[in-house]
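All chains should be modelled from the sequences, with the hints used to inform the complete structure.
Residue 688 in my numbering sits at position 686 of the sequence shown, with consecutive numbering throughout.
Incorrect hints may have been included.
What the hints assert, rightly or not - Pairs of lysine-lysine residues, derived as DSS-like cross-links and limited to a Cα-Cα distance of at most 25 Å, are as follows: (1) Lys203 x Lys238; (2) Lys667 x Lys687; (3) Lys36 x Lys353; (4) Lys218 x Lys238; (5) Lys238 x Lys222; (6) Lys238 x Lys224; (7) Lys604 x Lys687; (8) Lys218 x Lys203; (9) Lys394 x Lys36; (10) Lys563 x Lys604; (11) Lys238 x Lys256; (12) Lys224 x Lys256.
What the hints assert, rightly or not - Listed next, with one range per pair, are the computed distances between beta-carbon atoms: (13) Glu145 x Asp116: 57 to 65 Å; (14) Leu244 x Glu145: 22 to 30 Å; (15) Ala545 x Leu74: 48 to 56 Å.
Just so you know, the hints here were simulated from the structure itself, not pulled from any lab data. Don't be surprised by glycine CBs; every beta carbon is placed ideally from N, CA and C.
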Amino acid sequence: MTQPARSIADSHDMIEVRGARENNLAAVSVDIPKRRLTVFTGVSGSGKSSLVFGTIAAESQRMINETYSAFLQSFMPSLSRPDVDSLRNLSAAIVVDQERMGANSRSTVGTATDAYAMLRIVFSRLGQPHVGPAGAFSFNLAEGMCPTCEGLGRVSDLDVGQLVDVERSLNDGAITVPNFAVDSWYWQTIVGSGLFDPDVKLQDFTAQQWQDFLHKPATKMKVGNHTITYEGLAVKVRRLYLSKDKEPTQPHIKAFVERAVTFATCGDCAGARLNRAALSARIAGRNIAECSAMQISDLAAFVRGIDDPSVAPLVGNLRELLDSLVEIGLGYLSLDRESGSLSGGEAQRVKMVRHLGSSLTDVTYVFDEPTVGLHPHDIARMNGLLLRLRDKGNTVLVVEHKPETIAIADHVVDLGPGAGPDGGRICYAGDVAGLRRADCLTGRHLDHRARLREHVRTPTGHLPIRGADLHNLRDVDVDVPLGVLTVVTGVAGSGKSSLIHGSLPRREGVVVVDQSPIRGSRRSNPATYTGLLDPVRAAFARANKVRPALFSANSEGACPKCRGIGVVYTDLAMMAGVASVCEECEGRRFTPQVLAYTLRGKNISEVLGMSVTEARDFFPTGPARSVLDRLTDVGLGYLSLGQPLTTLSGGERQRLKLAIHMGEKAHTYVLDEPTTGLHLADVDKLLALLDRLVDAGNTVVVIEHHQAVMAHADWIVDLGPGAGHDGGRIVFTGTPADLVAHGDTLTATHLREYVGR
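In structure tokens form, the structure reads like this:
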């Protein structure tokens, strides 16, 4: 039988990138095979994200937007074309990133994956007694939500201890709420009511006075010739700061609300979020809230027991979805888990599951470090899912550092050779075997292995943890050794974070350095956040004999049009806001008068545009140099001083925080996956940094899955044996050598293989 002639349509089997110059890309040209798995490697700041996200995915999204009508496009953000000569053979790109899934408390794992929607339909058909349509089981609709908590499962209350100091009188400033200081208008209405003696300590108030002081509803009162409206402090605080339609914007008010508001489980629905009718319907003895609270691996087994033919296709889809969540390593979650509480890696895997069941093919899927937060045992499962997406006929592009994922690639593109201005070029493109032979940083480090320590350090004492029972922990007792490097490990969901973050942060001398977003605005950058800007401004002021405030983009030297941000934000009601470079200052953030002042030939905007490495040469001594040295030590030499903090990855945020804390006198550092975003070559630098911290007399506790960090540790605490209710126990404590020699845990198996024993 003769083969059909190859059609011209079959020839478009490469994404052709020509002359890409986005960010630091140096006119990059490269061909990327379609319907294959391509992994992009290179050190942090080498240009991987600029090529994959900033060029390929961005242009795909822009071109899709252009297919909509002009009317619809008027409501969409106007995406600028990436700086590239040409891009050919693009397909629709779906970006599956590590952005947290928003802090909306109405979004859960169940609603985000559609699993809860399917479960609602099953209960509306089979639940006894029969309640009604699927909407009657939704906590986001009036017909299904608990009327008391409005479907949130919890009610807010005020912590009175955060409102007042009962050991003081009103005249002594007993009220600690913002804007209620002595002699303020709010304070005067309380004191002027005549209900209390302003010189009596609050703890000496009568029961009635205390009730009136806190909870008296708004009441008109005659005071002398005036009528005032008096309301209790708690009533007024709720009205001013906690009303649903007002979100506090000022930082000090936000901080107060976070301190003062406490949440208690709703008494009417016991946290189930639903009304009594919805909770009355049961299948095999369970209501929908009990099903949502089950561990997903257990719920999958429960759903397999539902065999009613009227819902067979739906139950089949639900079962497949739940099995995918288990397969991807999220079986320890529950459908009622709030989306905002998921880590970046967990959020990415939840999004990935949504696409596994999709009927779409010939799509380009773009992943950003999908192995973040995964134990080596879980990485194998993630690799399987990436290959499944490819085998459906999709193009899969992955930015990744882990050798286990690089190993399964059909094609590898390595960028570098360095970061920032030293990167942005293609160092290698080809298969994995060729990468191993290539004379590039990634190729040289692909088979590099950290060795076990010949001599582990001796602890100087212990931090005891007793009876830890947060989340899935089972009354855990463990001693964390002081003066050494301890790695806490275990599969995703085994209880590592619950043990460490639930037990150590509140202790004296303990500094937690994690990947959470840094509090700050669009104006915040490494220079402002680290305090580096202060000596820089002082140096400019001295050199030009003017005030330091001129050189602050938040002060009098700021460009009046963009107010010193460098870009102008246009807020769109229906879509994400659009940022465009300020036309007046051309993104330089300062007025022309300020830019006329120079320091050794550079103006303030040019200095803020320098990378940390360049700035170290520019500031060879003094306080600026010491901050820059610490930023270099934590592997952030490629960051520019004025780069907005909102653009940093989780790993970069953590290393930035670590650089700041290294300037303080802490005793115990707790780090959460510090290898996130680090190239294989940079992991050795991180290990050297951790050694320096310990050798300086500190204790370092690292939650980590990277075998190089495990091998380098003095002590290992391994949790498991599995995830969720199959975890929460200490399965090994001891030296890495002991774990390799005698351990029988999942971690032991992978570490043994890693060190070649």
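Review point. Given the hint that Lys224 pairs with Lys256, does the C-alpha gap stay at or below 25 Å?
Key: Status violated; Cα separation ~34 Å.
Review point. Does Lys256 lie within 25 Å of Lys238 when you go C-alpha to C-alpha?
Key: holds, 16 Å
Practice item. Verify the proposed pairing of Lys394 with Lys36, using a straight-line Cα cut of 25 Å. Key: holds, 12 Å
Practice item. Could you tell me whether the CB distance from Leu244 to Glu145 stays inside 22 to 30 Å? Key: holds, 27 Å
Check your understanding: Is it true that the CA of Lys667 sits at most 25 Å from the CA of Lys687?
Key -> holds, 22 Å
Check your understanding: Is the straight-line distance between the alpha-carbon of Lys218 and that of Lys203 25 Å or less?
Key -> holds, 19 Å
Exercise for review: Quickly compare the C-alpha distance for Lys563 and Lys604 to 25 Å and report which way the hint goes.
Suggested key: Holds - the C-alpha atoms of Lys604 and Lys563 are around 23 Å apart, at most 25 Å.
Review point. Taking only the CA atoms, is the gap from Lys238 to Lys222 under or equal to 25 Å?
Key: With a Cα-Cα distance of about 14 Å, the restraint between Lys238 and Lys222 holds, given a limit of 25 Å.
Exercise for review: Decide if the proposed pair is consistent with the structure: Lys36 and Lys353, CA atoms, cutoff 25 Å inclusive.
Suggested key: holds, 22 Å
**Study point:** 48 to 56 Å as the expected CB spacing between Leu74 and Ala545, which holds or is violated
**Key:** Cβ of Ala545 to Cβ of Leu74: about 53 Å, so the range 48 to 56 Å holds.
Review point. Does the structure keep Lys218 and Lys238 at a Cα separation of 25 Å or less?
Key: Holds. Lys218 to Lys238 sits at ~10 Å (cutoff 25 Å).
Review point. Per the hint of 57 to 65 Å, is the separation of the Cβ atoms of Glu145 and Asp116 within bounds?
Key: violated, 20 Å
In this structure, the earlier hints numbered 7, 12 and 13 are contradicted, and the remaining ones agree with it.
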